[in-house]
Amino acid sequence: MGALGKPIILMVGMYAFLKFVLPNIPGSAPLPSSLIFLYLLLTASGIVIFETLSGESKDAFWGPIQRFLTGENIGGLQALRYGVFILFPLLVGWQTYGSTAVSDLPPTESRTIHPAPPGEYTGLSNPVPKTPENIMQGKGFYAAYCSPCHGGNFDGKGPAARGYIPAPANFADPTTIAMLQESYLFWRIKKGGVGLPIEGAPWKSAMPRWEVELPDEWIWKIIMGEYDGAHQSPRTWE
Amino acid sequence: MKPANQIIGMFLRSGIGVLTAIVVGGATLSFAQESVSVRATLMTGGVPVDDPNAAAWSSAPPATFPMSPQVHWQNRIQEVTVKDVIVRALHDGKQVAVLVEYADPTQDPDDAAALEFMVGDKKAHFAHGQPMLQVEGGPVNIWFWKNKAGKAVDMNAKGFGTLKSQEHQDVKAKAVYSNGTWKVVFSRDLATGHADEDVQITPGQFINIAFAVWDGRKDGAGDLVEKGSQKAVSSWWYFRADAPPDYSGYMYAAIAAALALGFQFVLIRKLKKGQSA
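Line order of the protein sequences matches chains L and D. Every letter in the first sequence is one number past the one before it in the numbering used here, and letter 205, counting from 1, is 205. So the mapping is simple: the numbering used here equals the position in the second sequence, first residue as 1, plus 1000.
Just so you know, these hints were derived from the structure itself, not from any lab. Bear in mind that the values here come from a model prediction, so they are computed numbers and not experimental data. Hints should not be assumed to be uniformly reliable.
Under the rule of at most 27 Å between Cα atoms (straight-line distance), these lysine-lysine pairs were calculated in the DSS-like manner [what the hints assert, rightly or not]:
(1) D:K1158 - L:K204
(2) D:K1227 - L:K204
(3) L:K190 - D:K1123
(4) D:K1183 - D:K1218
(5) L:K58 - L:K19
(6) D:K1123 - L:K204
(7) L:K6 - D:K1272
(8) D:K1273 - L:K58
(9) L:K157 - D:K1083
(10) D:K1218 - D:K1164
(11) L:K190 - D:K1158
(12) D:K1083 - L:K204
(13) D:K1164 - L:K204
So here's chain D without its partners, still in its complex pose (with noise of 0.2 Å):
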C-alpha cells in the first residue's frame, strides 16, 4: 500500500484547491463599482475625432462626475450653471479621443471647456496646480477649449496665474450645440515626445483626471459670468486608456485546470493500486 502520509498530502492539496476556489470566488462576487474613473475603450479604424455624434462613441461607458464652482482660489465663484459633466473616452492604440458632454441651456461666444491632467510622476494640485506647503508637486497639462476660438490650446500652468500656452500643441477640439447640451471632443495622440509638459497616456496604466467648465453667459450689466478661476471645477478622478486584450489568464486557467485533472488521475491510479497490492 501507498504510504498514507504522502495520499493524506495529496488529498489535502485538492481539498486545500477547493476550499480557495469557494472562498476566493465568493469574495469576488461581492465587488461593487463606481463611477471613478474614465475607461477609453480600445477601438479599430481610428477615433472620430471630428465627430461628437459618432456611432462609435456608443462602445465606450459614460461616467458622471459632479462640479463645484471654483472655490480654492480667492477669484471665486459662489454658483455655477453646470452641475455635472458625463464623460467618454475611445482610443485606437494611437490616438485617443476624450467626449465631455454637458447640459448649458444657452449656447454663448465664451463657453469653454478644459480638461487636466498631472504630467509625469509628481502629484499636482487640482487647483491648476497651486504649489503645496509641505509637498513638492507637479505641474498640470491642460487642454482647454473656447466655442469662439473653434479649437484647443494646450497648456500648462504650476499655480493660479502661471497658466501659459505651450511651444507644441498637440491637442485638438470639436464641439457641437444642440438641444442645450453641448458635446465637446478633446484628441491627442496618447504619446507625445515632450514628457515634461504633456501627459502621457500609457495604456493599461491609470493616471489622474479633472475637469472645468465655463458656462459664457453675461449678466445685466454685460459682464461675463464665469470667467478665469471662476468656473465649475471637478476634483481629481481617473482615466485609464484599455490596454491590448490580454488572453494569458485564459491560458494560466487551462494549464491549472490540466494539471488538476492530471493529479486526479495519478491520484486515482495510485489509490487502485495501492487497493489491488
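In isolation and in its complexed conformation, chain L is listed as follows (with noise of 0.2 Å):
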C-alpha cells in the first residue's frame, strides 16, 4: 500500500489544516464546511491527476486500490474491506436523510442595525450650544426619558430592557453611537423603532416615537448628554 501512504497522508493533513489551524491564524476565520469540502475536493483530484501522469505511477497508485476493493491477496484487509463496503451505503444513507430533513430552526431574519436615514437627516448639526449647563440638562433627559432602557451607565443595560429583541443600543460600545453622526441619532431618537425602514425590521423595535412627546431641543440636548455620559464622539468628516 506504499503508494497510497502518501495521499491519505495528505488529505487528513489537508483536512487538520483547514478546520484546526486556518482558523488560529491571526486575522482567519473558520471556514464553513461546503468551503473546506471544495478544497479537499480540490486535492483529491490533484492527487489523482499527479498520480496518473505516467503508466508506473498510475499502476502503483490504483493497483492497490483494485486489489482492496476486489479482495485479493489482502489477508488482514479483508475485514477492513468489508467495513468499507457496509460503512459507506450507511454513510451516504445519513448524509441524504440529514439534507433532507426538515429544519426545527425558524427562518432566519437579517436585520440591518445602522439602516440609512432618510435624506431630511443627513448633515444636520446641532443647533444646541456645548455648554456645560446644556450637556447637563442633556442628561437629566436621559435619565428621565432614556435610562430605563438605555442603562444608567449607558450600557444598554437598564431594569427594562430585558426583555427588548433587539436590545437597546450600549453606547458605551464603540461600533454605536462612535460611528454615527449627532444627525443620525436625531433621526433615531424622533422617529423612533416605528421609522426604520424595511431592513431595520422595525415591526421589532421597542424604541419610543420621540417627537409626539419632546421637542427637537431636547432631544439635541439629550444627544450631547449621551455622547458625554458614555465617553464617545460623534462621528465627523475630517
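Can you join these two chains into the complex? Each is in its own frame, and there are hints to help.
Listed below in C-alpha cells is the structure:
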C-alpha cells in the first residue's frame, strides 16, 4: 500500500489544516464546511492527476486500490474491506437523510442595525451650544426618558431592557454612537423604532417615537448628554 | 481492461459521497438551539382546553420568554410584576391550546394575560400593531383573558387606541391560580373562516407570537398599577404547530443507501472482470 500512504496522509493533513490550524491564524476565521469540502475535492483531484501522469505511477496508485476493492491477496485487510462496504452505504444514507430533513429552526431574519436615514436627516448639525449647562440638562432628560432601557451607565442594560429584542443600544460600545453622526441620532430618537426602513425590521423595535412627546431642542440636548455620559464623540467628516 | 477513466470516475464519485457525509455530518452536530419559539406538539385524542394541569401538557416542551415593562407607547410603565412567562402548546390537527404560566404573588380580579399574533402576510409592530412610517403594517390578533371575566376575548388592533372586540369570538380561555402561579390556557381552532381578522395556524409553518401580562394589584390609593398599555410585554417570538410526522426522509435515505450498495457491487464486478480479462 506504499503508493497510497502519501495521498491518505496528505488528505488527512489538509483536512486538519483547514479545520483546526487555519481558523487560528490571526485575521482568519473558521471556514464553512462547504468550502472545506471544495478544498478537499481539489486536493483529491490534484492527487489523482499527479498519480496518473505516467503509466507506472498510475499502476502503483490504482493497483492497491483495485486489489483492496476486489479483495485479492489482501489477507488481514479483508475485515476492513467488508467494513468499508457496510459503512459507505450507511454514510450515504445518513447524509441523504440530513440534507432532506426539515429544519427545526425558525427562519433566519437579517436586520440592518444602522440603516440609511431619510435624506432630510443627513448632515444636520446640533443647533444647541455645547455648554456644561446644556450637557447637564441633556443628561437629566436622558435619565428621565432613556435610561430605563439604555441604562444609567449608558450600557444598554436598563431595568426595562431585558425583554426587548433587538436589545437597546449600548452607547459605550464603540460600534454604536461613536461611529454615527449627531444627525443620525436625531433621526433615530425622533422617529423611533417605527421610523426604521424595512431592512431595520421596525416591527421589532421598542424605541419610542419621541417626536410625539419631546421638543427637538430636548432631543439635541439628550444627544449631547449621551455622548458625554458614554465618553464617546460623534463621527465627523474630518 | 475497463477504461481507466471510467473506473477513476466511479472511484471519485464514491469518494465524494464519503467526504460529503463526513463534512455535512460534522457540521450538523455543532448546532445549539435557544428558546426562541413555542412548539405546539401534535397529540391525539383532543387537546386539554379546559385543564391547565392535564397530564398531556408534560409532553409539550416549555419555552421561557423574558418580559419588559411597556415603554413604546406614551402611557408607559417603568416596573412590572411579571418578569418571565413559560409557554407550552399542544394541537391535534384541529384545535390548538397554548398554556401560559407565570409567577404572580397575589390573585386579583384584574389579573390578565394576552397572546398576540400577526394577521396575514403583512408585518405588524409588536406594540399593538402600531403604524410604521416606512413600512405598511398589518393588524394584530389579540387573545385576551381577564380573571374576573373568566373567559377570553378575540380582538384586533392596528395601533394603540384601536383595540376592538371581534364579531366572531373564536377563542376560549381557562385559568387556575395556585401557589403564586397563574396557568392560563388559550384555545382555538387552528383555522377560522376569517383570515383578515384571525391568525391562521398551518402546521409546519413558523408564525410570530408575543405575550402581555397585567398584574391586577392596586396601589395605596386603590388604583390599578398595571392597566391598559401599562403592562408587561414581550418582543415577537416564533410559534409553530408540529406538522404530521413525515417519514419521507427515511425513505430517501434508504433509497440512497441501496443505490450506494448497488454501485459497490457493480464497481467490484467490473474491477474483477477487468483483472481477469
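Against the structure, the hints come out as follows:
1. With a C-alpha separation of about 15 Å, the suggested pairing of K1158 (chain D) with K204 (chain L) holds against the 27 Å cut-off.
2. Of the pairs offered as hints, the one joining K1227 (chain D) and K204 (chain L) holds, with about 23 Å between alpha carbons and a cut-off of 27 Å not exceeded.
3. Of the supplied pair hints, the one linking K190 (chain L) and K1123 (chain D) holds, its CA atoms being roughly 22 Å apart against a limit of 27 Å.
4. With a CA separation close to 21 Å, the supplied pair K1183 (chain D) and K1218 (chain D) stays within the 27 Å bound.
5. Distance hint between K58 (chain L) and K19 (chain L) is unfulfilled; the C-alpha atoms sit about 30 Å from each other, more than 27 Å.
6. Of the supplied pair hints, the one linking K1123 (chain D) and K204 (chain L) holds, its CA atoms being roughly 10 Å apart against a limit of 27 Å.
7. As the CA atoms of K6 (chain L) and K1272 (chain D) are separated by approximately 26 Å, the hinted pair is consistent with the 27 Å bound.
8. Between K1273 (chain D) and K58 (chain L), the direct Cα distance comes to roughly 19 Å. Compliance with the 27 Å bound is thereby established for this hinted pair.
9. At most 27 Å may separate the alpha-carbon atoms for a hinted pair to count; K157 (chain L) and K1083 (chain D) meet this at roughly 15 Å.
10. Between K1218 (chain D) and K1164 (chain D) the alpha-carbon distance is near 25 Å, which keeps this suggested pair within the 27 Å criterion.
11. For the given pair, K190 (chain L) sits about 21 Å from K1158 (chain D) by alpha-carbon distance, which is consistent with the 27 Å threshold.
12. Note on K1083 (chain D) and K204 (chain L): the hinted pairing holds, with a Cα-Cα distance of about 19 Å set against a maximum of 27 Å.
13. With a CA separation close to 23 Å, the supplied pair K1164 (chain D) and K204 (chain L) stays within the 27 Å bound.
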